[in-house]
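Listed below, chain by chain, are the residues.
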Amino acid sequence: MTTALFVQLVVNGLVKGCTFILIVLGMDIILRGTKILNFAHGQFYMLGAYTLFMLCRLWHVNFLLSLALSGVALILVGALSYLSVFGIVQRRFTATTPFTYRFLMSAMASVGLMLILQQGTLIAFGTTERGMPSIFPQIIALGDVRLSLEKLLIILLSMFICFGLYLLMYKTKLGLAMRTVSFDPEIASLQGVNSFGMFIICFALGSALAGVAGGIIAPVFAVTPTMGTHIIFTAFLVLLVGGIGSYKGAVLGGVLVGLALSFGFQFLGGIAELFVFVFVIIILIFKPGGILGEVLD
Amino acid sequence: MVLAAMVLLPLAVKNAYVMHLFIMAYIGILLGMTFSMLFSAGLITLGAGAFYAIGAYGSTLLSTRLGLSFWAALPMSTLITGIVALAIGSIIVRHPGMAFTIITLLFAHVVIQATGQMEFFGGWGGIIGVETPDPLGPIQFATKTSFYYLILFLLLLTALVFHALYTSRIGRVWRSIKLSPPLAESLGINLYRYRLMAFVVASSAAGMVGSFYAHYFQMVTPEAFGGWLSIYIQLYAVLGGLEFYILGPAIGAVIMTFVPEYLRIAKEVEPIITGVFLLLIILFFSGGILGTLRRFWRAKRPVVFRVKSRHKLIAGPNVLRDE
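Residue numbers (my numbering), protein chains in the order written: chain A, 1 to 297; chain B, 1001 to 1323.
Counterexamples of contact, computed for chain B against chain A with all Cβ distances above 10 Å:
#	residue
1	Arg1065
2	Pro1135
3	Leu1152
4	Gln1218
5	Glu1223
6	Glu1261
7	Leu1290
Sample of chain A residues at the chain B side, in silico, Cβ under 10 Å:
#	residue
8	Leu31
9	Phe99
10	Met114
11	Gln118
12	Ile271
13	Val280
14	Ile281
15	Ile282
16	Gly290
Since the hints were made in silico from the structure, they are not lab data.
If you're wondering where the values come from, they're calculated on a predicted model, not measured in any experiment.
We put the CB at the ideal spot given by N, CA and C, even for glycine.
Here chain B stands alone, though its shape is the one from the complex:
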């Protein structure tokens, strides 16, 4: 039903600005999903914005310098981002934990600095005049509606691929790594390879979104990828619910795009509201929106075989705990 609503949405919404907000929300969902994918493998990234930027710049350079059309630039920039992620990831995934998080954050910072400093990437002014996608048969990419369907297609495609990964053996391996790396390793799982795989897949997806972004806005500037972007991306996942790898970011991104817009909060105060919001979620609703809902749902259902321990387990497998 939600899917039908998403497909039919342009028929109901005629306002171009609202369409724009929906497109931005979908971009947010896609980026949030890349964060969730790494989280599912026990890695916390603060650098999703970096690969988003690499995809956008890669696509921009391919289409402005080499004159490639969007349909060639999109897969190629996805590939480029994947290669960069493989190169960086093969070094940094070796030591997960805090070091990984810090390096991804630094990498995001450095990518923005590098694109801003180098003339090749257009400097701080960015590159303007990126071509819109070539017409695909009868479909012209001139209106917001056509871009809406394009991002919707990308979103559904990515969600399907991610869902397939999560339900396959790979997804189960990722979750086992998250639960306990030593346990997973003792079962003969190559931690490094699976973590690297999650890193490359998630980063390529971010690169693909970046490519879409460049052709949608028809310009790229370093500022668009810097600042609070990487932090907002995680906020989407945390707000929606960390344990829901696809739906969590979806709900979080939609809320974070539309609520500030309709509350008409002054731009100055917005970060404070976001910060307070974030603290409240973490302090009182640590499962995010979906996690909290699920807890209420479970509490209502009569469960026959449920052991509710009042004691904290000192040691033992995490699966025994409620939640």
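Looking at chain A on its own, in the form it has when it is part of the complex:
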């Protein structure tokens, strides 16, 4: 294996990893804040990619502006879906509702949402792959290592978003309120936090992250209606490796799985996913809560 190939594989893996990180961070925020495992998350990611495609390709809006706009669009989608579906489901729960029932009801609701969004997009846009021209087609050459500027920018941008998220969650009052709600909604209410409002914000923020992830990756990969279903399985893998509900775990898991898939597809072909799954199962034998998470029941 030459150095050039190695570096390229690492960069490709990191690009994949960055998408996973953004998606899984969104999942984690939703999971910790509202205790919903959102199966429609992949579809939010797909909607983000389509929003960016429409804005950028059809209406020629600036790339960064349309990325921000697709985030905003997904905030709306997330808040709306929380208000119309999950909020109603969760309001029925009492303190004594068994975990299984809680989890199943909200998960099934998200599965319903997933089916509607998935098939709705399929009908609206057709099955054709929508390609986008590269925003930054320049190639950086360092000796015999050739890297596209775009991929490096994606990695930088994702790191920037992660840092912004860190500031939001740990340095602002809103972040403190969100963390309090994720600890215990009733205690948060006693402290004067509007729990229901925080649920909406958590859900909308998580959805926005999925949307941005979709938007960021749209210039690199083709935009298809099934891209959400494809990525959700890998995103779940990342969630398990890093630990459910752990933000640091999401970052670590994203990088690990991204690199493993990038190298795996190069040397093993399509069977790589199977190996990554077995690898994750082995990790789970020794660390049942994922690498950085604790066991959640």
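Guided by the hints, dock chain B onto chain A, whose structure is given.
For chain B alone, kept in the frame of chain A given last:
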């Protein structure tokens, strides 16, 4: 009476396609029952389709490569699925909850990918030419009717076994685990062992159905077990009523098989209708069809000793709550 109708059904229905729909509905019932069994033990699986696929592929390989007849392949593939479930389950049942659900979903995905990628399993094209079951005495397995009786027999057998389990001590232990794992553990119940037992029994049943499926269609392809299958399986249980472990999936599967067929909905729109349907049930009829009926039934009956609390209990045993 329902039983008699089920047995006599082939006499009334002559249309082969309707018979096929009934067979598919019964397969759906069996798969839904495996989901309900795990739900009764407090585990939520999204991977019933995986064990269905393992049973189908196991049976296919046994009969095409080793030339075994259906009657030997069915129990053997059930056993194989049970062993796989034991191996996987002994790892993943350790941490129930969300992690369990996610892993079962991933496992279903990976099984489909693996069968599609490996030439040994026939690749994406699948394996064709699976033998129909050998004649059993005078009964020839050539018509839909004979397959109907076969799946009916399997269905009733499984329902009996499951019912026996639910009414025995094991079933009560499962329900206590579902109600409150810490409480069950404090009563000296080995949570891990009972959860694993539910996982293995339910998965073996799914494997048995898979074996039937392979010999009924005489071919297996990875696509048949992927996609929305695992989601539809839960929909059966949720639609019929989650607290009814045998009747719930039965009603749900029959409705989900026949209603889309007779409404003649375009294949494209069908998932949207299913999604809307699912959301409506969860939002407004969370008990499913049977649960809602039971609520009406109870509301009509005059009950002397019933405390109807208007206040939500903050803490305390769940059994005190109405419903």
